[in-house]
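Visitor: Sequence:
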Amino acid sequence: MAEDDPANGSETAIPVTDPGPQRHAGRRPLPSDLPRERVVIPAPAQCPCCGSARLTKLGESITETLEVIPRRFRVIQTVREKFSCRDCETITQPPAPFHPLVRGRAGPHLLASVLVGKFAVHQPLNRQAAAFAREGIALDTSTLAAWFGYSRDRRGEHPATHLDGWSGIVQADAYAGYNALAKPGRQPAPATLAGCWAHARRGLFRLAELGRAPLAVEAVHRIDCLFKVERTINGVVPQQRAALRQQFSAPIVENLMEWMHDSCSRMSGKSPTPDSATRFPKVMLS
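Residue numbering for the sequence shown follows my numbering, beginning at 1 and increasing consecutively.
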């Protein structure tokens with residue numbers, strides 16, 4: 001049986017599919033959570049056609065333009081009033097507020113901006129210094145470099161050196177190199193190690209993505225309840241934030257730990273879920 005060949009004079013019908021009209025996806029709307037600034041163009045006082053002043057509004061057309069507001073620098077003056085007692089002549093003054101840098105003048109938001117620019121955006125410090133200079137702020141590269149401590153590895157001696165003479169709350173992962181900071185007898189006092197829920201959630205989230213670990217999915221949902229509380233209380237003063245955590249977050253953590261301990265005790269030792277659950281931090285909710 002001969003095949004269809006143009007040389008033999010035969011033709012093969014090729015079906016043609018009508019693609020139809022092309023559909024354009026269109027523009028994506030601008031994020032609805034961004035603040036809107038309404039600028040109204042003044043309406044004409046008279047009809048441009050006949051000059052009549054009897055105009056009736058029929059509606060309006062809105063054109064949205066995405067704009068950026070340049071960052072603004074400001075100097076915050078913290079005033080500590082000093083008083084003298086007329087009876088005993090004792091002079092009193094409120095204590096100085098906490099500052100990230102001893103005798104430094106850089107606020108926490110400025111420090112965070114420099115660190116994000118350096119390590120997240122990969123913008124060298126000399127370029128950041130040049131950007132500050134264009135905005136009228138004189139900050140040398142050497143000054144920016146001295147605002148944070150750096151070590152090439154994660155050996156425990158580095159946290160001890162960086163935080164020598166300091167005591168407080170250290171929030172980090174469960175790396176053993178930080179344990180020396182919390183040892184009894186450390187001067188001026190043992191540090192309090194506060195774990196990171198993002199690290200605890202990470203391993204469980206990876207298992208949940210695979211869709212084969214219902215326990216991991218449930219654990220991620222329970223941890224997300226904590227994140228929801230944090231988003232709600234974000235920006236609240238520290239004392240009130242601590243009270244709200246005790247009220248809302250502490251019961252969530254207690255129930256989560258009990259549920260996780262009970263669930264993992266009934267699982268096979270070969271399952272990766274219990275191993276991920278051991279990364280749960282000892283969160284301090286005081």
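Careful: at least some of the hints might be erroneous.
What the hints assert, rightly or not - Below, a list of computed lysine to any residue pairs in the SDA-like style, where the Cα atoms sit at most 25 Å apart:
#, residue 1, residue 2
1, Lys-228, Asp-173
2, Lys-183, Arg-154
3, Lys-82, Pro-70
4, Lys-82, Leu-101
5, Lys-118, Leu-163
6, Lys-118, Ala-145
7, Lys-183, Ala-172
8, Lys-183, Arg-212
9, Lys-183, Gly-211
10, Lys-118, Ala-138
11, Lys-228, Ala-250
12, Lys-82, Cys-47
13, Lys-183, Phe-205
14, Lys-57, Thr-78
15, Lys-118, Phe-132
16, Lys-228, Ala-112
17, Lys-82, Ile-69
18, Lys-118, Ala-45
19, Lys-57, Ala-45
20, Lys-228, Arg-245
21, Lys-118, Ala-172
22, Lys-228, Met-260
23, Lys-82, Pro-94
24, Lys-228, Gln-187
25, Lys-57, Arg-72
26, Lys-57, Leu-34
27, Lys-118, Lys-82
28, Lys-57, Lys-82
29, Lys-228, Ala-45
30, Lys-228, His-199
31, Lys-57, Ile-69
32, Lys-228, Lys-183
33, Lys-118, Pro-94
34, Lys-118, Ala-96
35, Lys-118, His-199
36, Lys-228, Phe-205
Hint data in this document are derived by calculation from the structure and do not stem from the laboratory.
Visitor: Each of the hints needs a verdict: does it hold here or not?
Guide: Results of checking the hints against the structure:
no., hint, verdict
1, Lys-228 x Asp-173, "21 Å, holds"
2, Lys-183 x Arg-154, "18 Å, holds"
3, Lys-82 x Pro-70, "38 Å, violated"
4, Lys-82 x Leu-101, "24 Å, holds"
5, Lys-118 x Leu-163, "22 Å, holds"
6, Lys-118 x Ala-145, "10 Å, holds"
7, Lys-183 x Ala-172, "16 Å, holds"
8, Lys-183 x Arg-212, "40 Å, violated"
9, Lys-183 x Gly-211, "41 Å, violated"
10, Lys-118 x Ala-138, "18 Å, holds"
11, Lys-228 x Ala-250, "13 Å, holds"
12, Lys-82 x Cys-47, "67 Å, violated"
13, Lys-183 x Phe-205, "32 Å, violated"
14, Lys-57 x Thr-78, "52 Å, violated"
15, Lys-118 x Phe-132, "14 Å, holds"
16, Lys-228 x Ala-112, "23 Å, holds"
17, Lys-82 x Ile-69, "39 Å, violated"
18, Lys-118 x Ala-45, "55 Å, violated"
19, Lys-57 x Ala-45, "12 Å, holds"
20, Lys-228 x Arg-245, "11 Å, holds"
21, Lys-118 x Ala-172, "20 Å, holds"
22, Lys-228 x Met-260, "20 Å, holds"
23, Lys-82 x Pro-94, "8 Å, holds"
24, Lys-228 x Gln-187, "37 Å, violated"
25, Lys-57 x Arg-72, "39 Å, violated"
26, Lys-57 x Leu-34, "28 Å, violated"
27, Lys-118 x Lys-82, "40 Å, violated"
28, Lys-57 x Lys-82, "61 Å, violated"
29, Lys-228 x Ala-45, "51 Å, violated"
30, Lys-228 x His-199, "17 Å, holds"
31, Lys-57 x Ile-69, "33 Å, violated"
32, Lys-228 x Lys-183, "33 Å, violated"
33, Lys-118 x Pro-94, "36 Å, violated"
34, Lys-118 x Ala-96, "30 Å, violated"
35, Lys-118 x His-199, "22 Å, holds"
36, Lys-228 x Phe-205, "16 Å, holds"
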